[in-house]
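Visitor: Sequence:
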Amino acid sequence: MPELPEVEVVKQSLERKILNLRIKKIKINDGKLRYIVDKNELFNLVGKKFKKIERRSKYLIFHLEKHITMIAHLGMTGKFFFIDKKNKKFKTSFYYDLNLEKDKKHDRIIFIFQNDEKLIYNDIRKFGFVKFCRAVDYYKNRHIRDLGPEPLSKDWDQRYFKRYIFGRNRTIKSILMDQKFVSGLGNIYANEILFLSKIKPTRKVKKIKEFEIKKVINYTKKILKSSIKYGGSSIKDFSSDNGKKGIFQQYFKAYGREGKTCSNIDCNSIIKRTIISNRATFFCNKCQK
DNA sequence: AGGCATGTTACAGG
DNA sequence: ACCTGTAACATGCC
1 MPELPEVEVV KQSLERKILN LRIKKIKIND GKLRYIVDKN ELFNLVGKKF
51 KKIERRSKYL IFHLEKHITM IAHLGMTGKF FFIDKKNKKF KTSFYYDLNL
101 EKDKKHDRII FIFQNDEKLI YNDIRKFGFV KFCRAVDYYK NRHIRDLGPE
151 PLSKDWDQRY FKRYIFGRNR TIKSILMDQK FVSGLGNIYA NEILFLSKIK
201 PTRKVKKIKE FEIKKVINYT KKILKSSIKY GGSSIKDFSS DNGKKGIFQQ
251 YFKAYGREGK TCSNIDCNSI IKRTIISNRA TFFCNKCQK
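According to the working numbering, the first sequence is numbered sequentially starting from 1.
Hints were generated in silico from the structure; no laboratory data involved. Bear in mind the structure is a predicted one, so any value in this text is a computation, not a measurement. Some hints could be false.
[What the hints assert, rightly or not] What follows is a set of in silico ranges between Cβ atoms, one per label pair, in the way DEER data are often shown:
| # | residue 1 | residue 2 | range |
| --- | --- | --- | --- |
| 1 | I270 | N141 | 41 to 47 Å |
| 2 | M76 | G31 | 27 to 33 Å |
| 3 | D146 | G31 | 24 to 30 Å |
[What the hints assert, rightly or not] As a list, the in silico BS3-like pairs of lysine-lysine whose alpha-carbon atoms are at most 27 Å apart:
| # | residue 1 | residue 2 |
| --- | --- | --- |
| 4 | K85 | K24 |
| 5 | K289 | K209 |
| 6 | K198 | K272 |
| 7 | K204 | K229 |
| 8 | K200 | K140 |
| 9 | K222 | K200 |
| 10 | K204 | K162 |
| 11 | K207 | K85 |
| 12 | K51 | K225 |
| 13 | K289 | K253 |
| 14 | K39 | K25 |
| 15 | K221 | K198 |
| 16 | K11 | K104 |
| 17 | K154 | K215 |
| 18 | K104 | K25 |
| 19 | K48 | K140 |
| 20 | K11 | K48 |
| 21 | K207 | K221 |
| 22 | K260 | K289 |
| 23 | K52 | K85 |
| 24 | K229 | K253 |
| 25 | K214 | K162 |
The C-beta atom is built at its ideal place from N, Cα and C for all residues, glycine as well.
Model the full structure from these sequences, guided by the hints.
Guide: Spelled out as structure tokens, the structure:
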């Protein structure tokens, strides 16, 4: 689920749900996430309201009353569910639907609000985490501090790109996934961006031409915005009834398409798969140079 | 049974 | 110190 567009959709979704609800109670089902959840810090949120949510890269920054901030990362399988109480029956009102019976055991943290609505942090593989800090200090947090520019910001431009890759000996795909270079891209979008830019993922950055840098930047901005508009990508199967689901995965042109025909209409080549930086890498040998 | 999975980081080696 | 690539984390699915 979570690269930049997915996290942005989560942020927007939660912002419409949980702001100004007062936390009545918090339960921890399993506090052994990527880092052990600090219970004192977590329970300190009881009685407070969420006031604002920000996204930085793939991190969610929850600002509460009393200048308390919770930093959350979803890892690979982390999800936030909001549960409201309409029709006397709890239901998810979140873009990514949940088969409650099956997935309940992966609920890790449950925030219960005064009106009995709930916010649940659910995480199968437990690579996600929550940490706490003072609001003014969150950007000093060690996870946030060294992040590169946001790919949708003006700071991530041709000049920066050129300067960063100068003298480096890495593949273009590995650098796109490097959060210090640009923050928020992951394996799926790196594959898609390079397919659209017609650059082979294995190409070394020193061999990337100026006009190609421009393409990478432009396609990155384009595809991220487009994915956000479509509610992000939901890769795993999910049941859907009243919740909204991300549908951007149906527009993937390279990711997960090994053995299928290239998406470019004038090409009948087969999408290949290889490994870069321990991650599945998909490309068209003919279209991507 | 073994390989694979949307992420991050500790560590090893140059 | 810098740069790069690999393995590990935990769980489920095919």
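Visitor: Tell me the numbers of any earlier hints that the structure contravenes, in ascending order.
Guide: 2, 7, 8 and 11
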